[in-house]
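Make the full structure from the sequences, and use the hints.
From first to last, the protein sequence lines stand for chains A and B. According to the UniProt record's numbering, the first sequence is numbered sequentially starting from 1. According to the UniProt record's numbering, the second sequence is numbered sequentially starting from 1.
Don't read these hints as lab results, they were simulated from the structure. Be careful, since some hints might not be right.
Think about it this way: if two alpha-carbon atoms lie no more than 16 Å apart in a straight line, the pair counts; the simulated EDC-like pairs of lysine to aspartate or glutamate are [as the list claims (entries may be wrong)]:
(1) Lys703(B) to Glu771(B)
(2) Lys41(A) to Asp103(A)
(3) Lys41(A) to Asp25(A)
(4) Lys688(B) to Asp103(A)
(5) Lys646(B) to Glu621(B)
(6) Lys2(A) to Glu771(B)
(7) Lys613(B) to Asp586(B)
(8) Lys61(A) to Asp780(B)
(9) Lys760(B) to Glu717(B)
(10) Lys766(B) to Asp694(B)
(11) Lys766(B) to Asp682(B)
(12) Lys651(B) to Glu621(B)
(13) Lys429(B) to Asp62(A)
(14) Lys815(B) to Glu717(B)
(15) Lys757(B) to Glu771(B)
(16) Lys73(A) to Asp416(B)
(17) Lys230(B) to Glu132(B)
(18) Lys646(B) to Glu94(B)
(19) Lys767(B) to Asp694(B)
(20) Lys602(B) to Glu94(B)
(21) Lys367(B) to Glu422(B)
(22) Lys71(A) to Glu95(A)
(23) Lys651(B) to Glu774(B)
(24) Lys757(B) to Glu774(B)
(25) Lys726(B) to Asp103(A)
(26) Lys41(A) to Glu592(B)
(27) Lys622(B) to Glu592(B)
(28) Lys61(A) to Glu774(B)
(29) Lys3(A) to Glu375(B)
(30) Lys688(B) to Asp58(A)
Looking from chain B toward chain A, a few residues come up when the C-beta cut is under 8 Å (computed) [claimed, not checked]:
(31) Glu94
(32) Val95
(33) Tyr97
(34) Glu234
(35) Val236
(36) Glu375
(37) Gln398
(38) Gly413
(39) Pro420
(40) Tyr781
Built from N, CA and C at the ideal position, the CB exists for glycine as well.
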Amino acid sequence: MKKTNIVLLVIIAICVAVVAMMVGDFSTYETFATSRSKPGKEIHVIGALDTTKALVYDPQKDANYFSFYMKDKSGELRQVIFTGTKPTDFEKSTELVLTGQMDGDIFVCNKILMKCPSKYKDDQEVVGIKQA
Amino acid sequence: METKFLNEHLLPGQIGHFAAVLAFVASIVATIAYVCAVQLKDDLLRNSWKKIARVAFLVQVVAVFTVFFTLYHMISGHLFEYKYVWQHSSKSLEVKYLLSCFWEGQEGSFLLWSIWHCVLGTIVMFTSKSWEAPVMASLSLAQVFVASMILGIYILDYRVGSSPFVLMRNENADAPIFQMANYMTRLQDGNGLNPLLQNYWMVIHPPVLFLGFASTIIPFSFAFAGLWTKRYTEWVKPVLPWALFAAGILGLGIMMGAAWAYESLTFGGYWAWDPVENASLVPWLTLVAGIHTLLAYRSTGYSLKITYFFFFITFTLILYSSFLTKSGVLGQTSVHSFTDLGMNGQLLIYMFVFAIPAFWFLIAKRKAIPAPVREESTYSREFWLFVGSLVLLVSAIQICFTTSIPVWSKLPGLKDLAPPTEPELFYNKIQIWVAVVIGLLTAVTQYLKYKNTSKEFFVKKIWLPTVISLVITVAIIVGGKVYSSAYGPGFLFAIYLMMFASVYAVVANFAYIWIGSKGKLKASGASVAHVGFGLVLVGILISSSKKEVLSLDKMGILDGYFTKESKQNSRENLMLPKGMPVQMGDYYVTYEGDSTAPKDAKTYFIIRYEKKKSLNDVPTEKFTLYPDAFMNVKGQEGITPNPDSKHYWHKDVFTYITAVPKKDAPETDTIPFTPHKMSVGDTTYFSKGFIILDNLSPKPTNKNYVANKGEVALEAELRVLTKDDKQFTLRPVFALTDSTYAFNIPDTAQGMGLIVKLGKIVPEEKKVVIETKESGTITDYVVLKAYVFPAINVLWIGIIVMTIGFFMSAAQRRKSK
Chain A
1 MKKTNIVLLV IIAICVAVVA MMVGDFSTYE TFATSRSKPG KEIHVIGALD
51 TTKALVYDPQ KDANYFSFYM KDKSGELRQV IFTGTKPTDF EKSTELVLTG
101 QMDGDIFVCN KILMKCPSKY KDDQEVVGIK QA
Chain B
1 METKFLNEHL LPGQIGHFAA VLAFVASIVA TIAYVCAVQL KDDLLRNSWK
51 KIARVAFLVQ VVAVFTVFFT LYHMISGHLF EYKYVWQHSS KSLEVKYLLS
101 CFWEGQEGSF LLWSIWHCVL GTIVMFTSKS WEAPVMASLS LAQVFVASMI
151 LGIYILDYRV GSSPFVLMRN ENADAPIFQM ANYMTRLQDG NGLNPLLQNY
201 WMVIHPPVLF LGFASTIIPF SFAFAGLWTK RYTEWVKPVL PWALFAAGIL
251 GLGIMMGAAW AYESLTFGGY WAWDPVENAS LVPWLTLVAG IHTLLAYRST
301 GYSLKITYFF FFITFTLILY SSFLTKSGVL GQTSVHSFTD LGMNGQLLIY
351 MFVFAIPAFW FLIAKRKAIP APVREESTYS REFWLFVGSL VLLVSAIQIC
401 FTTSIPVWSK LPGLKDLAPP TEPELFYNKI QIWVAVVIGL LTAVTQYLKY
451 KNTSKEFFVK KIWLPTVISL VITVAIIVGG KVYSSAYGPG FLFAIYLMMF
501 ASVYAVVANF AYIWIGSKGK LKASGASVAH VGFGLVLVGI LISSSKKEVL
551 SLDKMGILDG YFTKESKQNS RENLMLPKGM PVQMGDYYVT YEGDSTAPKD
601 AKTYFIIRYE KKKSLNDVPT EKFTLYPDAF MNVKGQEGIT PNPDSKHYWH
651 KDVFTYITAV PKKDAPETDT IPFTPHKMSV GDTTYFSKGF IILDNLSPKP
701 TNKNYVANKG EVALEAELRV LTKDDKQFTL RPVFALTDST YAFNIPDTAQ
751 GMGLIVKLGK IVPEEKKVVI ETKESGTITD YVVLKAYVFP AINVLWIGII
801 VMTIGFFMSA AQRRKSK
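Spelled out as structure tokens, the structure:
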């Protein structure tokens with residue numbers, strides 16, 4: 001067999017291995033209910049902010065504690081604790097994508113992506129908040 | 001009844017729209033004429049078609065520039081009757097950012113792409129001689145598609161493109177304001193430019209990046225022309241300078257985007273593996289791979305087919321990336337904001353019209369592309385160039401595959417598929433191995449000769465750079481104390497390997513300028529580019545693996561308690577009350593206040609850094625940073641911050657504001673401390689719990705206190721217990737110098753907003769006075785994040801060196817024609 005063919009085969013094998021390894025790390029969009037059945041696994045939950053409940057962020061007490069309530073797609077309402085500051089214009093968000101996991105009755109999250117209505121017709125603008 | 005609207009400026013819009021349509025039609029004519037100029041047998045006919053094509057293309061160039069200047073006229077003249085102008089600009093915008101308005105919208109970014117195609121096309125037209133017709137045919141066809149994106153006309157109920165010249169009153173015809181004939185008197189100002197784009201990088205980064213995008217069509221067109229005109233091998237010579245130029249510019253454009261992210265975004269870094277960043281990086285990787293296989297072919301005759309593949313895939317990936325970023329498909333995964341203009345179909349057709357014929361041609365004609373029968377030697381340069389290119393391809397596949405998750409999730413059954421939750425770790429742990437292999441190959445391959453290299457020759461030349469690199473690597477690891485990684489020992493091992501590989505790439509290529517090219521710098525473009533690339537790797541590695549969070553809030557975290565969760569949810573926000581120094585790493589940092597300037601929408605926060613061992617020391621170094629923020633833009637709650645950095649040659653101290661209090665509450669005067677007379681064992685209360693005086697010690701352990709000779713000191717050990725069961729210890733110190741000068745060092749429980757002082761000693765009662773103050777009084781503060789990025793300048797210098805190297809090679813290859 002030619003050397004280039006061997007190299008190609010090795011590269012293909014590496015690709016397959018990498019893809020197999022990667023797929024395990026892919027996350028899924030879940031609900032609070034399904035998140036509870038996977039303790040310790042970080043997942044994404046899509047939902048909407050419940051504006052009737054209190055938003056708590058008081059940097060004088062703790063600059064890395066932000067708490068709010070979100071309703072997921074199945075309608076379940078949960079308290080969410082975010083390790084960080086309150087994102088700009090959070091109240092106006094129409095949709096939230098949280099990354100984190102359930103801890104008892106509370107969803108502990110370390111990243112929030114939010115969608116805000118733009119002042120423009122039905123356009124949706126994505127505004128991101130990255131939190132290391 | 002037709003309303004007659006007053007005070008509108010309709011002429012620019014009509015001129016602009018006419019020019020857009022003209023550009024579209026003229027590029028169709030140019031495409032057809034160039035195809036005829038290739039296909040027809042008769043020389044005379046071919047020449048006359050070529051003349052028609054040239055005229056049509058130049059007409060198209062004039063039309064595109066007319067569109068550009070018309071739009072610029074509209075933006076700078078604040079003609080808010082046009083939707084594009086209203087949407088992306090406002091009167092208060094500084095003149096230097098008017099250009100940024102162009103590329104905030106998709107129409108403007110297509111226009112920019114089109115302009116670069118025009119410039120590049122005109123150069124190709126007059127320089128590429130026999131290749132003109134087939135190359136320009138592809139380029140003109142691309143112009144047809146790009147022009148269609150800003151057309152905004154309806155063909156059979158389907159809107160083709162989105163015009164930047166539509167009027168507000170036509171787009172929102174039902175709005176009450178547009179029922180008034182004099183609506184222009186009400187439409188005084190525009191929506192304004194996104195504050196994140198009001199940054200000088202945003203003025204220069206998009207044009208450079210789009211020049212990179214636009215120039216990838218030229219290698220594609222040459223490769224395609226080679227297959228089309230059956231000149232399978234001749235195209236490689238004229239294409240090389242173009243490919244080098246494209247790779248240089250595209251790389252520069254990508255990293256300018258990184259510089260923008262670093263300077264004005266709050267990622268806390270320059271690269272976040274965001275889909276938009278990835279989408280432009282992937283074609284750069286395949287283009288660089290293609291350049292290397294092309295060089296291998298030119299010297300040995302191997303790797304021609306794969307060169308075709310790389311140039312085809314590069315342009316296809318450019319089109320794919322514009323589909324990803326402009327179609328709105330990334331929706332839930334990207335931090336960049338893109339809206340769906342309903343052009344997904346158009347973008348996909350653009351991609352397939354170029355990709356399908358190219359790859360079909362390549363497969364159909366694979367037998368006709370010459371390739372040597374003999375195998376390449378393992379000790380040859382071409383073999384390792386080939387291997388390196390495949391490694392780059394693997395890297396590109398991994399990034400592309402993951403970035404495309406939102407596309408995969410459109411497939412049946414994969415609806416819930418989401419990107420990895422920790423993208424940085426996810427990409428880094430695979431790409432670090434790619435970087436190791438590529439770094440090593442970059443170092444070694446130039447020392448191999450084409451065709452065959454004797455082992456003695458190779459070893460003789462390579463041993464010195466290898467030893468030097470090993471020494472430098474060990475020095476960096478030991479000197480920089482790179483002893484731990486957040487992701488465990490396995491990752492640390494990979495970091496060591498990558499450190500060696502990237503240092504090796506720098507040293508070996510630097511040495512090659514003398515060992516290989518005998519000091520002829522003009523002929524060393526490749527070595528220069530490789531040195532730059534190596535420096536980029538070194539910079540990336542050090543700045544990310546040794547990134548240090550200064551603003552770590554240790555409140556509520558027990559020391560030594562580090563779980564996976566506490567790492568992920570690291571508490572990087574720290575509150576700084578106004579005027580009170582807070583310790584952050586080696587610095588004491590004070591928030592001094594904020595300030596605003598006329599004609600500048602931003603608020604600047606004055607953050608003073610003092611480097612000193614303890615609070616009362618004389619600082620060894622002082623500097624002030626001014627991170628700023630747009631406050632409550634357009635009725636938004638909250639702030640849009642911009643970071644500020646102190647630049648050293650070896651590191652950056654990087655700071656940005658994450659929250660500020662609402663300023664509507666009036667500032668109150670500082671409330672005085674409340675004294676409590678206590679002896680050991682006594683308890684006193686504060687609003688959130690109680691304080692117990694546990695001990696009094698003449699030997700203070702408070703870090704802020706340094707004992708001086710002849711000084712008498714007393715430290716109180718106070719246990720604070722809060723209502724929510726938190727417990728911590730405060731150690732205020734009282735000291736007397738020469739029995740005459742008394743001073744004290746307070747201690748604070750940050751999260752509680754509690755400040756305690758050991759006020760005085762009452763020896764006759766064997767008591768001390770503990771004074772407390774609570775932060776109900778602290779009304780002005782900022783919450784910020786601060787990082788140290790070591791060696792970040794190595795990264796930026798690397799980019800510049802690499803780009804220079806690319807251009808040197810391009811110039812050199814152009815001359816050698």
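Outcome of the hint check:
1. With a C-alpha separation of about 20 Å, the suggested pair Lys703(B) and Glu771(B) falls outside the 16 Å cut-off, and the hint is violated.
2. Simply put, Lys41(A) and Asp103(A) have alpha-carbon atoms about 11 Å apart, close enough for the 16 Å limit, and the pair holds.
3. Of the supplied pair hints, the one linking Lys41(A) and Asp25(A) holds, its CA atoms being roughly 10 Å apart against a limit of 16 Å.
4. For a cut-off of 16 Å, the pair hint linking Lys688(B) to Asp103(A) is broken: about 26 Å separates their Cα positions.
5. Restraint check: the Cα-Cα separation between Lys646(B) and Glu621(B) comes to about 12 Å, which is no more than 16 Å; the hinted pair holds.
6. Pair hint Lys2(A) plus Glu771(B) does not hold up; C-alpha atoms about 83 Å apart against a cutoff of 16 Å.
7. For a cut-off of 16 Å, the pair hint linking Lys613(B) to Asp586(B) stands: about 7 Å separates their Cα positions.
8. Our distance criterion of 16 Å between C-alpha atoms is met by Lys61(A) and Asp780(B), whose separation comes to about 14 Å.
9. For the suggested pair Lys760(B) and Glu717(B), the alpha carbons sit about 15 Å apart, so the restraint of at most 16 Å is met.
10. With a C-alpha separation of about 14 Å, the suggested pairing of Lys766(B) with Asp694(B) holds against the 16 Å cut-off.
11. Our distance criterion of 16 Å between C-alpha atoms is met by Lys766(B) and Asp682(B), whose separation comes to about 12 Å.
12. Annotation: proposed proximity of Lys651(B) to Glu621(B) holds, straight-line Cα distance about 15 Å (limit 16 Å).
13. For the suggested pair Lys429(B) and Asp62(A), the alpha carbons sit about 33 Å apart, so the restraint of at most 16 Å is broken.
14. Between Lys815(B) and Glu717(B) the CA atoms are separated by roughly 78 Å; this puts the pair beyond 16 Å, and the hint is violated.
15. Annotation: proposed proximity of Lys757(B) to Glu771(B) holds, straight-line Cα distance about 5 Å (limit 16 Å).
16. Restraint check for Lys73(A) and Asp416(B): the C-alpha separation of about 12 Å stays at or below 16 Å, so the hint holds.
17. Taking the CA atoms of Lys230(B) and Glu132(B), the gap is about 15 Å. The hint holds against a cut of 16 Å.
18. For the proposed pair Lys646(B) and Glu94(B), the alpha carbon gap of about 26 Å is over 16 Å, so the pair is violated.
19. Note on Lys767(B) and Asp694(B): the hinted pairing holds, with a Cα-Cα distance of about 13 Å set against a maximum of 16 Å.
20. With a CA separation close to 12 Å, the supplied pair Lys602(B) and Glu94(B) stays within the 16 Å bound.
21. With a C-alpha separation of about 45 Å, the suggested pair Lys367(B) and Glu422(B) falls outside the 16 Å cut-off, and the hint is violated.
22. A threshold of 16 Å between alpha carbons decides the hint, and for Lys71(A) with Glu95(A) the separation of about 10 Å falls inside it, so the pair holds.
23. Between Lys651(B) and Glu774(B) the CA atoms are separated by roughly 37 Å; this puts the pair beyond 16 Å, and the hint is violated.
24. For the hint linking Lys757(B) to Glu774(B), the alpha-carbon distance of about 12 Å falls within 16 Å, and the restraint holds.
25. Proposed proximity of Lys726(B) and Asp103(A) is contradicted: the alpha carbons are some 20 Å apart, above 16 Å.
26. For the proposed pair Lys41(A) and Glu592(B), the alpha carbon gap of about 43 Å is over 16 Å, so the pair is violated.
27. This hinted pair checks out: Lys622(B) and Glu592(B) have alpha carbons roughly 14 Å apart, not beyond 16 Å.
28. Restraint check for Lys61(A) and Glu774(B): the C-alpha separation of about 11 Å stays at or below 16 Å, so the hint holds.
29. For a cut-off of 16 Å, the pair hint linking Lys3(A) to Glu375(B) stands: about 7 Å separates their Cα positions.
30. Note on Lys688(B) and Asp58(A): the hinted pairing holds, with a Cα-Cα distance of about 15 Å set against a maximum of 16 Å.
31. Because the smallest distance between the Cβ of Glu94(B) and any Cβ of chain A comes to about 22 Å, over 8 Å, the interface hint for this residue is violated.
32. For Val95(B), the suggested interface contact is broken, since its CB lies about 25 Å from the closest CB of chain A, more than 8 Å.
33. Given the 8 Å rule on beta carbons, the hint for Tyr97(B) is violated: about 19 Å separates it from the nearest Cβ of chain A.
34. With its C-beta approaching chain A no nearer than about 24 Å, Glu234(B) sits outside the 8 Å limit, and its interface hint is violated.
35. For Val236(B), the interface hint is violated, the least distance from its beta-carbon to any beta-carbon of chain A being 19 Å, above 8 Å.
36. For Glu375(B), the interface hint holds, the least distance from its beta-carbon to any beta-carbon of chain A being 6 Å, beneath 8 Å.
37. Below 8 Å, beta-carbon pairs count as interface contacts, and Gln398(B) has one with chain A at about 6 Å; its hint therefore holds.
38. Here the hint on Gly413(B) is broken, as its CB sits about 12 Å from the closest CB of chain A, past 8 Å.
39. Look at Pro420(B): its Cβ gets to within about 5 Å of chain A, closer than 8 Å, so that hint holds up.
40. Interface hint status for Tyr781(B): upheld, as the beta-carbon distance to the closest one in chain A is roughly 7 Å, under 8 Å.
Hint violations for this structure: numbers 1, 4, 6, 13, 14, 18, 21, 23, 25, 26, 31, 32, 33, 34, 35 and 38, all remaining hints satisfied.
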